[in-house]
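With chain W held as given, fit chains S and V onto it using these hints.
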Amino acid sequence: MRSMEFLGSHILSIDQFERPDIEKIFSTSDHLLPYAKRERITRILQGAILSNMFFEPSTRTRISFGSAFNILGGEVRETTGIEATSLSKGESLYDTSRVLSGYSDIIVMRHHEAGSVSEFADASRVPVINGGDGDNEHPSQALLDLYTIEKELKSKNKTIDGLRIALIGDLKYGRAVHSLCKVLSLFNNVTINLVSPEKLELPFSIKESFSNSSVSFFETDDIKEGISDVDIIYMTRIQEERFSSRNESDKYKGLMSLNQEIYTKNCEPNTIIMHPLPRDSRPDANELDSDLNQNPNLAIYRQTDNGLLIRMALFSLVLGVDKKIEDSTSEIAWYSDK
Amino acid sequence: MRSMEFLGSHILSIDQFERPDIEKIFSTSDHLLPYAKRERITRILQGAILSNMFFEPSTRTRISFGSAFNILGGEVRETTGIEATSLSKGESLYDTSRVLSGYSDIIVMRHHEAGSVSEFADASRVPVINGGDGDNEHPSQALLDLYTIEKELKSKNKTIDGLRIALIGDLKYGRAVHSLCKVLSLFNNVTINLVSPEKLELPFSIKESFSNSSVSFFETDDIKEGISDVDIIYMTRIQEERFSSRNESDKYKGLMSLNQEIYTKNCEPNTIIMHPLPRDSRPDANELDSDLNQNPNLAIYRQTDNGLLIRMALFSLVLGVDKKIEDSTSEIAWYSDK
Amino acid sequence: MRSMEFLGSHILSIDQFERPDIEKIFSTSDHLLPYAKRERITRILQGAILSNMFFEPSTRTRISFGSAFNILGGEVRETTGIEATSLSKGESLYDTSRVLSGYSDIIVMRHHEAGSVSEFADASRVPVINGGDGDNEHPSQALLDLYTIEKELKSKNKTIDGLRIALIGDLKYGRAVHSLCKVLSLFNNVTINLVSPEKLELPFSIKESFSNSSVSFFETDDIKEGISDVDIIYMTRIQEERFSSRNESDKYKGLMSLNQEIYTKNCEPNTIIMHPLPRDSRPDANELDSDLNQNPNLAIYRQTDNGLLIRMALFSLVLGVDKKIEDSTSEIAWYSDK
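Read top to bottom, the protein sequences are chains W, S and V.
Read left to right, the first sequence gives residues 21 to 358 (the numbering used here).
Read left to right, the second sequence gives residues 21 to 358 (the numbering used here).
Read left to right, the third sequence gives residues 21 to 358 (the numbering used here).
Just chain W, with the same shape it has in the complex (with noise of 0.2 Å):
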């Protein structure tokens, strides 16, 4: 088993990482805590800059990476959406990588279109983060999963090794789900159940994948049959932006929706519940019933704030500071109780 070089590397694929390189992700993130807590600052990264380039809509991924940049010391540039920049006047990515990685030492690129990012990355002269493009890759959201996964499952004295998950809603589509599905591939006796409607199942390509692992997988349209059994639920949005249209889209919101009677009714206690956000909580679709918010097991806020730390732990990993948080630390001024 080959591990990865992560100084000055590009993060563009979670097949980028084999299980000692997501156990040094994860025990880095572990690390920075005090840090994402503010029990105490750093300024590592003083006078580095990211760019951060989001140019599809994101607010918590392209505000995660913001933050993760300025808890470290760095400062950040930001541009959003396409019209406003180069692109319109016919600038290739080529171009517009070349140009950017002269002003900054690290870019983080959000882009519609699926191999963008890879190319962009190419051409950069600095270290370039995938933070989603289009429904191809999103490592950090694969990341930030698994870590949550092992963290909730830690507490109940579980590991990966052994997981039974069930990934429900929009598994054509939902790239969090890809990605999670090729990470999980890593590990030992992963049992994973796939409930979708027929029209949303996961791509052929990675159910194939899955016989070169020791991932079990089954697969249902019955949500109570797919929750029955499983340490972990993990839904997901139906991702209207990426059918042809919002008709089309219409037809499987609402099929996959979960509430606190569903989960009494067919759940093992203490399942965990997870979501990679956002949730679509308008009346038809509602996929996380809002009644599920009091329930402790919903993790989702718990899985966004893990975000915030593997987006520290590859900023550090990436530009070889992960050594080094210690040497510029100092107490916080302000009140927080976080």
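Misleading hints may appear alongside valid ones.
Identical chains blur together in the list; that is why a pair holds if it fits in one copy or across any two.
[Said to hold, decoys possible] Taking lysine to aspartate or glutamate pairs in the EDC-like style, the calculated list, with each CA pair at most 20 Å apart, reads:
1. Lys-192 <-> Glu-228
2. Lys-343 <-> Asp-357
3. Lys-109 <-> Glu-261
4. Lys-343 <-> Asp-311
5. Lys-344 <-> Asp-357
6. Lys-344 <-> Glu-59
7. Lys-109 <-> Glu-260
8. Lys-109 <-> Glu-268
For the record, the hints were derived by calculation from the structure and aren't laboratory data.
No experiment lies behind these values; they were computed from the predicted model shown.
Chains S and V in isolation, oriented as in the chain W frame:
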């Protein structure tokens, strides 16, 4: 009279404050003046992150909050416009708030819906400051207006107790006016001339609330009468974005307009002129003519400068660093003639 | 020959500068190279705030100014697009400027209207740098172009005095070309080949101004002739956003196009290729073919890197810290191979 606890609190409405609270904010603002004037720098909020969430357009308020946080040494992550956010994918304010509050130490939010910021604050894990929710509240504006009134009166050996003020223009939709009326009710012997077209008069509920205070008010649609016997003229813009149509709002534009000639003929000497800005300088509106720009009693830019101080004071008090500013100061290195 | 005082000055037009001023900017840029190359960091502008106001779309220039300010240790507050601002509520540039200059220590502004930035600067209480006003001026672009010319020539033991350069493409609307022509007039024995379709030729007023200088110029619409006897090719994009319609601009796209074959057949060895960027790489335009990307004489990315230096130099000179950079330096902690 109760006094609020600032530490870790949300700032949502001018109704939260009693006179001692306001005095505390104002004395903190006074204390922060050398930093706003660039005589010294402080880094007391080094490492802290503000999420500056403007779901509705704003230049002045957005940049003022951001700069205030920067001057105190903190970092700013910013979102502008609603299209580019998860809210457009059906995410609830509850989820947006839970998630974002994990990425930041304090949040400023503006949103077009009345009540939205309170709903957001209820879900937040960090303090939230209302940057304006529809036609409802904009507490930092009311505070900076009142602070300006106090400072301008002081230079003339007067106090807010005993103030005579004319509120002019769109008194129906102008939230700055509504909040200012509320806060003036805390003072003694205030006289308010309400000057507006009949259809844009101050809401009945606010006029009614004056009966529990020592405020006297008079209503007129004659600007010359309204400005003749006051210490301060507070002019406002027709809030065209709150009307059902542009046609509807255009009816009222230009009806209440002040220029140097009207001022000279009708006002007492040295009557102070304020405006919450932006002033509409298009010929059909022109509520404050540009020939007033050289009038030393035009306080509109002193007013926005005070806004920076008030926002610095709110951040300092809520984050509990108001007594620690000096712990982290140094000389500025660059040229400034502020 | 007068020399300008940089301290506290606006940078509005290339016309402000005489040769000693330009030499000062260039030597300051040279001096700042270690910081742009990430060999050391400086925090000299710690606490200072740049308002980066881009009322017209820009990626490169906006990020370049922002990063330049960050590298010097300052903070950046940013506005992009005109819709989201008070200008859309009828606020005058005068008011926007008075207000904003109270929130920041220096302002960079881009706006689609020629002359708007000067008007803005007149009202400002802090220095303003023109980031491009319509088809009028973009002084930092002209400076970075000239700086690149000097450095590229120096590596070939040549100087700007005696330069032979071809300006190619949209010479009518390209403000970068206009400013470059002005600044080249300050040097001795410069020869300019003006290569454009007849309808897009250089404005008469600029050609006329050459008569007061030692510039010789020649006009042609034959690119092969134009590039045959020069040290530097300066290619430009058809500025489609300045034409009355897309139909109109499309007539000229692709007429002036350079690729490796044309270069090899027609140019002197090691002719340098520049472009103000963005280059339009769409097949119908393609002014500089991507087969030139491996040509070591393609200086377009060195040019944008120089842009960062020039902007750092302008900030340093205007804010008076050019002699103090070393007062506040330290080692960088993170990995960089710039």
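The hints, checked one at a time:
In this assembly of identical chains, the alpha carbons of Lys-192 and Glu-228 lie at most 20 Å apart only when taken from the same copy (14 Å versus 59 Å across copies). When the C-alpha separation of Lys-343 and Asp-357 is checked against a cutoff of 20 Å, the pair qualifies only between copies, where the shortest distance is 19 Å, while the shortest distance within a copy is 27 Å. Taking identical chains as interchangeable, the C-alpha atoms of Lys-109 and Glu-261 lie at most 20 Å apart only when they sit on different chains, with a minimum of 9 Å there against 25 Å within one chain. With identical chains, the CA atoms of Lys-343 and Asp-311 are never at most 20 Å apart, being 43 Å at best within one copy and 43 Å at best between copies.
Taking CA atoms no more than 20 Å apart as the test, Lys-344 paired with Asp-357 passes between copies only; the shortest distance there is 18 Å, against 26 Å inside one copy. Taking the shortest Cα distances, Lys-344 and Glu-59 sit within 20 Å of each other both inside one copy (17 Å) and across copies (18 Å). Taking the closest pair of Cα atoms, Lys-109 and Glu-260 come within 20 Å of each other only across two copies (9 Å); inside a single copy the shortest separation is 28 Å, beyond that limit. Taking CA atoms no more than 20 Å apart as the test, Lys-109 paired with Glu-268 passes between copies only; the shortest distance there is 16 Å, against 33 Å inside one copy.
Consistency note: the structure conflicts with earlier hint 4 alone.
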